[in-house]
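Trainee: The primary structure of each chain is shown beneath.
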Amino acid sequence: MEVGKARAVVEGLREAGVNFAVGLPDSQFHEVYELIAEDPSFKYVGVGNEAEGAAVAMGAWFGGKKPVLLIATSGLLVATFSLARLHLKEVPLLVVIPYRGDLGDPRWMGIYKKLTEPMLNAMDIPYEVVKQPGEIKKTIGGCQACTERWLKPVAVLITGEALW
Amino acid sequence: MVKRSELVKIFASMVTDNMLVVTPIGATSNFWEQTGRGSSSLTSVSLGMCTPTALGLALALPHRRVIALDSDGNMILNLCSLGTVGNEKPRNLTVIVFDNENYLSGGPGKGKPGMPSATAGNMDLEAVARGCGITKATTVRNEAEFKMAVEKGLKEDGPSFIVAKVDQVDLKEAKVFREDRGPGQDTRENKYSFVRHIERLENKTILKRGVS
Amino acid sequence: MKRFECLKILASALDPSALMVANVGPISREWNALRPSDANLLQVNLGLCAAVGMGLAISLPHRQVVILDGDGNLLLNLASLADMANQELKNVVHIVLDNEAYEGGGGLRSATAGKANLALIAEGAGIKNVHVATGLDFFEKAAREALQSAGHHFVVAKVEKGSVPELPTLTLDGKEAKYRFARYIERTEGKQILKPRYTHI
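Protein chains in written order, with this note's numbering: chain A, 78 to 241; chain B, 28 to 239; chain C, 3 to 203.
The hints are simulated quantities; they were obtained by calculation from the structure and are not laboratory data.
Just so you know, not all the hints are guaranteed correct.
Derived lysine to aspartate or glutamate pairs resembling EDC-like cross-links, with alpha carbons at most 16 Å apart [what the hints assert, rightly or not]:
1. 180/C x 213/B
2. 235/B x 201/A
3. 177/C x 44/B
Rough simulated footprint, nothing fancy, chain A against chain B, three-plus residues with beta-carbon under 8 Å [as the list claims (entries may be wrong)]:
4. 60 to 74
5. 130 to 143
6. 180 to 187
We treat Cβ as the ideally placed atom computed from N, Cα and C, and that holds for glycine.
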């Protein structure tokens, strides 16, 4: 990912008030993880699987932090059980996913693209797809506000020119 | 004969009001609710999420002692969380694992154990924890050992990890509590009461009004 | 007279153990600012205030139930008045803060700005203790009397439109409010109402 776009993601998160990041990296997004890990305004926790990650983020919310879960498209499938069960506690959680498998992706990741939106719909997790770099910060800010008001996970899927 | 319900009662007598407890879905949450501490704890947390949620809470509130009352099945499901605990090294986190060596709630009931979990065989959770860099890891097999380990864990800097081997079957005790849950909360009510409890302890706002 | 001033009078005259039911909108926010309490059930949905109050009054006949209603709200479900009257309740104080408008919805006139007269409608439904207050002194007198004597009291308070600036926002959403209210009744009545058989919602 171009560093400028990665910076837009990190700034968008910071401006939205996010201060606790949990993640497992995606190759196209690694710049974001690196920037967050070295940014003192975030506490970054790298986890072993995304289901664990969702739980850590939930715990941090109860402790007063504003968490974000940064996971790969494939990672969403692993996180599914925890995310679906997060509804039992109805807490806010911003989920940011580099949306792989779209046209323009040099790798064949069609299966992840096929599963992602139906999966989010099945879990009743609202989401926004960002395709332009100029929309990154605004969408992150809007989705963070949403998640706090609706007390449920909300996802930002970054793809197209915003990702490549 | 080491009963999980008895260990929970012993633990309840040792934990103070300013400590935060996280319990997983199932009998442990029932036993914990019976001690009257349910509404000031995070209870009925979904499978595999107990210890990682406690970790997130501990990292968010580093000055506050956080205890996870986990189980073998939950721990095994998200085993990698021990790796995260071992590297984050939260001094305020104590993880207690009630290890009954079987998937009891997924079993036949009627006083019979469920299918064995990995800890019935070769898996040693204490060794796994040590392998993750959690040096304060121990296994206890009776009430006296449990009490000593918990006392140490609650007093010293953590992270500490206590595997408490318990009887394979204790659903009868849990069943009694389930039928008369008295103070029991559903997960939605528990969320509200837990977050309001933390808001009072920490004197800050965490949950602004959501939508009804 | 201003609605907020009427509510202030009520808050000062109210027994702390009285159960209070209020409808969505500025009424709930104003009341919450004056008497926040787990004994309040706020943000009751449009048209249901009186009915919810009636249900409470019937099931807890020894508790005082105060209903804070709005004109538009009550007009939505006039049948409630008839049903309440036929119950011959002895523990209800039903106050309508009649600003002759749908204030929460933008301020259009309600029927009471025209020919509708809620006090007459209440009498026609069979409610005996009916008062209309256009000034604060009379409202105070009527409210105190109603709160201090058994019976089914109906007080229409003709108020101006508009709220108070800088009201604190409500901190509880409807779900949390449900739990708080139900647990309050459990505590004060010594009975179990919420019986979660399973933890899942």
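Trainee: Each hint: holds or not?
Mentor: Hint check:
1. 180/C x 213/B: 12 Å, holds
2. 235/B x 201/A: Answer violated: residue 235/B to residue 201/A is near 22 Å, above 16 Å.
3. 177/C x 44/B: Given pair residue 177/C, residue 44/B is violated - Cα atoms ~26 Å apart, limit 16 Å.
4. 60 to 74: Our answer is that it holds, as 5 residues pass the Cβ test (under 8 Å) against chain A, meeting three.
5. 130 to 143: It is violated, with 0 qualifying residues against the three required.
6. 180 to 187: Violated - the segment 180 to 187 of chain B has 0 residues with a Cβ nearer than 8 Å to chain A, which falls short of three.
Hints 2, 3, 5 and 6 from the earlier list are contradicted by this structure; the remaining hints agree with it.
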